[in-house]
Amino acid sequence: MLKIKEVHAGYGRLKILRGINLSVSQGTIVALLGGNGTGKSTLLKTISGLLPVMEGSIEFDKKVITDSKPHHIVRSGLVQVTQSKEAYPAMTVEENLMVGAFTRSDKAEIKYDLEGIYSFFPALKDRRNMLSGTLSGGEVQMLVTGRGLMAKPKMLMLDEPSAALAPKVVLEIFANIYKISQTGVTILVVEQNVRMALLLAQYAYIIRDGRIMIEGKSEELINDPAIKEFFLGGTVTDTSKKLNA
Amino acid sequence: MDFDFNSLLAFIIFGITIGVVYGIVALGISLIYSGLDIVHFAHGEIYMFGAFIGLFLSQELGVPYPFAIIGAMIFAALLGMGIERVFYRRLTQAGGGYTVAGMGMIICGFGMSVALMNVAFLIWGAGAEPFPVNLGMPLQLGDISIPQSYVLTAVVSMLLMVVLNYFIRHTKLGLAVRAVAHNKDIAYLMGINVPLVISLIFGLGCALAAAAGVLIGPMQSVQVEMGYLMLMKAFAAAVVGGFGSLPGALIGGILVGIFENLGAAYISPSHKDIYAFLLLILVLIFRPSGLFGVIAKVKA
Numbered sequence: 001m002l003k004i005k006e007v008h009a010g011y012g013r014l015k016i017l018r019g020i021n022l023s024v025s026q027g028t029i030v031a032l033l034g035g036n037g038t039g040k041s042t043l044l045k046t047i048s049g050l051l052p053v054m055e056g057s058i059e060f061d062k063k064v065i066t067d068s069k070p071h072h073i074v075r076s077g078l079v080q081v082t083q084s085k086e087a088y089p090a091m092t093v094e095e096n097l098m099v100g101a102f103t104r105s106d107k108a109e110i111k112y113d114l115e116g117i118y119s120f121f122p123a124l125k126d127r128r129n130m131l132s133g134t135l136s137g138g139e140v141q142m143l144v145t146g147r148g149l150m151a152k153p154k155m156l157m158l159d160e161p162s163a164a165l166a167p168k169v170v171l172e173i174f175a176n177i178y179k180i181s182q183t184g185v186t187i188l189v190v191e192q193n194v195r196m197a198l199l200l201a202q203y204a205y206i207i208r209d210g211r212i213m214i215e216g217k218s219e220e221l222i223n224d225p226a227i228k229e230f231f232l233g234g235t236v237t238d239t240s241k242k243l244n245a
Numbered sequence: 246m247d248f249d250f251n252s253l254l255a256f257i258i259f260g261i262t263i264g265v266v267y268g269i270v271a272l273g274i275s276l277i278y279s280g281l282d283i284v285h286f287a288h289g290e291i292y293m294f295g296a297f298i299g300l301f302l303s304q305e306l307g308v309p310y311p312f313a314i315i316g317a318m319i320f321a322a323l324l325g326m327g328i329e330r331v332f333y334r335r336l337t338q339a340g341g342g343y344t345v346a347g348m349g350m351i352i353c354g355f356g357m358s359v360a361l362m363n364v365a366f367l368i369w370g371a372g373a374e375p376f377p378v379n380l381g382m383p384l385q386l387g388d389i390s391i392p393q394s395y396v397l398t399a400v401v402s403m404l405l406m407v408v409l410n411y412f413i414r415h416t417k418l419g420l421a422v423r424a425v426a427h428n429k430d431i432a433y434l435m436g437i438n439v440p441l442v443i444s445l446i447f448g449l450g451c452a453l454a455a456a457a458g459v460l461i462g463p464m465q466s467v468q469v470e471m472g473y474l475m476l477m478k479a480f481a482a483a484v485v486g487g488f489g490s491l492p493g494a495l496i497g498g499i500l501v502g503i504f505e506n507l508g509a510a511y512i513s514p515s516h517k518d519i520y521a522f523l524l525l526i527l528v529l530i531f532r533p534s535g536l537f538g539v540i541a542k543v544k545a
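Chains A and B, in that order, are what the protein sequence lines are.
Residue 245, in the numbering used here, is where the first sequence stops; the numbers in between run on with no holes.
Residue 545, in the numbering used here, is where the second sequence stops; the numbers in between run on with no holes.
These are calculated hints, taken from the structure and not from any lab test.
Don't take every hint at face value.
Stated by the list, open to error - Taking lysine-lysine pairs in the DSBU-like style, the calculated list, with each CA pair at most 35 Å apart, reads:
| hint | chain 1 | residue 1 | chain 2 | residue 2 |
| --- | --- | --- | --- | --- |
| 1 | B | Lys417 | A | Lys63 |
| 2 | B | Lys417 | A | Lys45 |
| 3 | A | Lys111 | B | Lys517 |
| 4 | B | Lys417 | A | Lys152 |
To be verified - So these bits of chain A aren't anywhere near chain B, every CB distance computed over 12 Å:
| hint | residue |
| --- | --- |
| 5 | Lys5 |
| 6 | Glu86 |
| 7 | Gly184 |
| 8 | Ile222 |
Glycine is no exception: its CB is placed at the ideal position from the N, C-alpha and C atoms.
Isolated chain A, as found in the complex (with noise of 0.2 Å):
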């Protein structure tokens, strides 16, 4: 569905990416793990056209996209989830809800997917009048998730949606991201939260410095001893745990 070649990208003069490959297989879930400043967001950025490939392609659904302006990414159904805090506080839940849906106009099947998300996440829909700058953090995350789905996109790409939050409430929203990858939507996910993220994913690439340092099948990863030392510092404990939606 989504294939990163050899892209170097960054801000300005300032070159982060160097040399990225990646790719994502329909229907599957990915994840993209790093720490901070390894390059996760700037490739998000990139892949969605804010930022301007340096060298390389990317290709979406068999179209290249490399030089598409970020609009234009968004409409052929590849769409982004940002970080939390950037729902629209002035704005209700209902109103940064339909801005998800800006690129769509079909108002019959909109409103049909709206009360889908509303069954989909309940707290929001106990919340569709109320400022979005007054919700918790987990309300936030599921706000911008829905919205994201608001799209109806054939990817969606996550950029770290356990950040700030308490980790039952990450459950919850991991819990939540496979029950929508059930439902044929492409994921990929950039997190920190390397253990819930191997969990979740079918494949993982790791991130560092600008460089993709390994990937491979998440089962495989979790045992990996590189892995382990990189991130963990020991063992992952309790690798049989499956997420059941």
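We have chain A already, so just place chain B on it with the hints.
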């Protein structure tokens, strides 16, 4: 001594009327600031152009006054969008606010102001043109006689406010404007054509300035330098109400208008133009963020 309440009321009413015009120009300034992160220093000249176009439509082409207002608004919107596309876009896309490009934008605005003023001078000359509009007899409110132009100004301004508010709060495009004003990157990620919406916001701000120009025309005369003082006062109004806040711009304008009229009436009429800035200084001392001031980047 018998305090003349009638006069006071008259001054307040006139103050509100002129204040609403300041408010409309201030609204344009705040709108452009919300959308483009820049203070448009040529805004006064757009207002001036609006007045001249309105005058032209009304006097030379015999267009009825209300339609002259609409015509001037459309012209100014197109002029503004053209200027934005040709001169401002590269600077605004490179950054706003405190960046080098943002500073460059301020200088560019001043330059555009001078350029527009000179173009107007070449077209219409330096004289002060009267803007005669026959609107009928003044409206009698008890002992106070209000010229019809004042009444029309108040009515048209209210109408503009209502339409603008409806547009921003209840239409899809208005939602896009609010989204872009808040955060351009996220607006892009919603699939919004951000450069197009920015052009639209700019055009809207310019249309408002032009409407103000045509409304003021019959109350004062129309001349090439009228933009300068209006920009200063409207800017003061925007700051008083809270820079970047749309309702604040309107309230700020009304306050400036009332303050100005009361000052001219009860303190000294020969220093009329000072009062707007006096109010500005007072507000900056006691409440620097303005009445409805938005401190961080929460706009529209």
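To see whether the hints hold, each was checked on the structure:
{"no.": "1", "hint": "B/Lys417 x A/Lys63", "verdict": "holds (29 Å)"}
{"no.": "2", "hint": "B/Lys417 x A/Lys45", "verdict": "holds (25 Å)"}
{"no.": "3", "hint": "A/Lys111 x B/Lys517", "verdict": "violated (56 Å)"}
{"no.": "4", "hint": "B/Lys417 x A/Lys152", "verdict": "holds (18 Å)"}
{"no.": "5", "hint": "Lys5", "verdict": "holds (23 Å)"}
{"no.": "6", "hint": "Glu86", "verdict": "violated (5 Å)"}
{"no.": "7", "hint": "Gly184", "verdict": "holds (20 Å)"}
{"no.": "8", "hint": "Ile222", "verdict": "holds (32 Å)"}
The structure shown violates the earlier hints numbered 3 and 6.
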